[in-house]
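Engineer: Place chain P on chain B using the hints.
Protein chains: 2
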Amino acid sequence: MDAGTRIEQALNGAVARAETASAPPKLAAALRYAVFPGGARVRPQLCLAVARACGDDTPAMSDSAAAAIELLHCASLVHDDLPCFDDADLRRGKPTVHAAYGEALGVLAGDALIVMAFECLALAGAAMPQRLPALTATIARSVGAPNGLVAGQAWESEPDPDLGQYQRAKTGALFVAASVAGAVSAGADPGPWRCLGDRLGEAYQVADDLRDALCTPEELGKPAGQDEALGRPTAVAEFGLEGACARLQHLLDEAVESIPDAPGATELQQLVLLQAKRLAPKRLAPASVA
Amino acid sequence: MDAGTRIEQALNGAVARAETASAPPKLAAALRYAVFPGGARVRPQLCLAVARACGDDTPAMSDSAAAAIELLHCASLVHDDLPCFDDADLRRGKPTVHAAYGEALGVLAGDALIVMAFECLALAGAAMPQRLPALTATIARSVGAPNGLVAGQAWESEPDPDLGQYQRAKTGALFVAASVAGAVSAGADPGPWRCLGDRLGEAYQVADDLRDALCTPEELGKPAGQDEALGRPTAVAEFGLEGACARLQHLLDEAVESIPDAPGATELQQLVLLQAKRLAPKRLAPASVA
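Going down the list, the protein sequences come from chains B and P.
Numbering of the first sequence is given in our numbering, commencing with residue 1 and proceeding in unit increments.
Numbering of the second sequence is given in our numbering, commencing with residue 291 and proceeding in unit increments.
Pulled out of the complex, with its shape left as it was, chain B reads as follows (with noise of 0.2 Å):
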């Protein structure tokens, strides 16, 4: 089975536990639209391509991993959409949860994400718990304080955070633990996945900060500028257009060089080159990728 079946399908099993006749139903149904149709589901692709790599001998505890972490990445998105934080009424060219089902099922829908995300590992744990402690707590690391993705979020009621300490947690944090949770749950070492997901993570948030600054919103499907508008601390405001290019540039070619030698390396070389098209404004595309 390809991995984005893989993915789909556990996302599917974990949204579908809570939509049991005694589910309250808008929150039900408010959980499968913040969860589907996704977008490039790129942080649990990494993690099943690391998975693999590391020879994935127990798949259902990878595709727990890789749900998980799809599933919180899915909460932070809701939550920030709502309107004390960036307010956004579109994402993935629809209207935000909280735009479609009240803000109130807003925050809950991204609480349950979270609670998911944890039983989802708990439950594919069962068949494996001793790769369990370490899973959960590189994944819980990786979203919660002091240094995860929600760290990330409360830099921004900060006076004047450090660039790389907010792009660290809001957005390469997660992308860490999808590589580091990739080898735990096959059983490996995960020492030599870390740069890789540093690499991207870090490569995703300059390309999301370029194209929040070059593209328009009918490409985005959500409003363009937000960064500026909101005075939030950015690549382009920091390195300027061209600056932020060749930074994006030169992280993913660091990433691309850092993928050990495994059995599935080409593969994932090929998956990195591929988020790296993807990555870049059309406008800006960089003309080859190392």
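Simulated from the structure, these hints should not be mistaken for lab results.
Keep in mind it's a predicted model, so treat the numbers as computed, not measured.
Glycine included, every Cβ here is placed at the ideal spot set by N, Cα and C.
Treat the hints with care, as some may be off.
[Unchecked claim] Beyond 10 Å from chain P on every Cβ pair, some chain B residues (computed):
{"#": "1", "residue": "4"}
{"#": "2", "residue": "5"}
{"#": "3", "residue": "6"}
{"#": "4", "residue": "84"}
{"#": "5", "residue": "112"}
{"#": "6", "residue": "125"}
{"#": "7", "residue": "147"}
{"#": "8", "residue": "191"}
{"#": "9", "residue": "219"}
{"#": "10", "residue": "226"}
{"#": "11", "residue": "233"}
{"#": "12", "residue": "274"}
[Said to hold, decoys possible] DEER-style ranges, computed between Cβ atoms:
{"#": "13", "chain 1": "B", "residue 1": "225", "chain 2": "P", "residue 2": "519", "range": "52 to 62 Å"}
{"#": "14", "chain 1": "P", "residue 1": "392", "chain 2": "B", "residue 2": "1", "range": "42 to 52 Å"}
{"#": "15", "chain 1": "P", "residue 1": "532", "chain 2": "B", "residue 2": "89", "range": "42 to 52 Å"}
{"#": "16", "chain 1": "P", "residue 1": "519", "chain 2": "B", "residue 2": "102", "range": "17 to 27 Å"}
{"#": "17", "chain 1": "P", "residue 1": "557", "chain 2": "B", "residue 2": "22", "range": "44 to 54 Å"}
{"#": "18", "chain 1": "P", "residue 1": "319", "chain 2": "B", "residue 2": "130", "range": "49 to 59 Å"}
{"#": "19", "chain 1": "B", "residue 1": "223", "chain 2": "P", "residue 2": "347", "range": "50 to 60 Å"}
{"#": "20", "chain 1": "B", "residue 1": "89", "chain 2": "P", "residue 2": "520", "range": "18 to 28 Å"}
Structural biologist: Coordinates of chain P only, in the frame set by chain B:
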């Protein structure tokens, strides 16, 4: 070490992990503010009391289960107080988290507390991984969709919810999890302990409804009469004041009777009786509890 001290130490350990030099300072402060000083810590007390009655052979595990449950409870209070839910300015006699730190940090603090709860379980689980899957799944189910705390809050967005279903999800589920997690963290069969959590949880909710209807804001440390003002389904609305009092008494009797014959049974009965005294609004205190 007494249970109260164990709970505060475990909570402090979890919150302190979010207070590193690289943490966003306002988020770190908001997390401590949300957890300390606490209320009666009823749920973690129940968890540790059941663990003790089951032998409590791995206190690090039961401490973490107790702390995780309290962190999830604190998270629910922080989010429940937000403008899109209760819009409450006061909690435990001081400004609510969003009143003190702003709405964005209110949302983020709740999110970080949820994540912290599962991180806490994972860290303790390294010592006894085979208990971690059931423990994590139990606690996750009790706070997530379709039947946990978040689902309970979501019933408030549905027309004409069933009172029993609403209260079992919003309050009962976490009490059941506290008793079940106490047993699971001690390696015991949780089956005989479910009823205790279930009855205590419902008693707690009925008492809360009574206090909201009868107490002054000064006595509550938060606004009174909120349930009626917000048109929420409550035991007082359904059974009247006297009916709700009778129901509270009956539930507490059932809770005491449900306690299995175990080494710590007497201590547990005393805990229930103590809660019974604490729960009943003073002007309606039941003359005796069986």
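Engineer: Taking the hints in turn, state whether each one holds.
Structural biologist: Now for the hints, and whether the structure bears them out:
| no. | hint | in the structure |
| --- | --- | --- |
| 1 | 4 | holds (25 Å) |
| 2 | 5 | holds (24 Å) |
| 3 | 6 | holds (21 Å) |
| 4 | 84 | violated (4 Å) |
| 5 | 112 | violated (4 Å) |
| 6 | 125 | violated (4 Å) |
| 7 | 147 | violated (6 Å) |
| 8 | 191 | holds (18 Å) |
| 9 | 219 | holds (28 Å) |
| 10 | 226 | holds (15 Å) |
| 11 | 233 | holds (13 Å) |
| 12 | 274 | holds (31 Å) |
| 13 | B:225 with P:519: 52 to 62 Å | violated (41 Å) |
| 14 | P:392 with B:1: 42 to 52 Å | holds (46 Å) |
| 15 | P:532 with B:89: 42 to 52 Å | holds (49 Å) |
| 16 | P:519 with B:102: 17 to 27 Å | holds (19 Å) |
| 17 | P:557 with B:22: 44 to 54 Å | violated (34 Å) |
| 18 | P:319 with B:130: 49 to 59 Å | violated (37 Å) |
| 19 | B:223 with P:347: 50 to 60 Å | holds (55 Å) |
| 20 | B:89 with P:520: 18 to 28 Å | holds (27 Å) |
In this structure, the hints that do not hold are numbers 4, 5, 6, 7, 13, 17, 18, in rising order.
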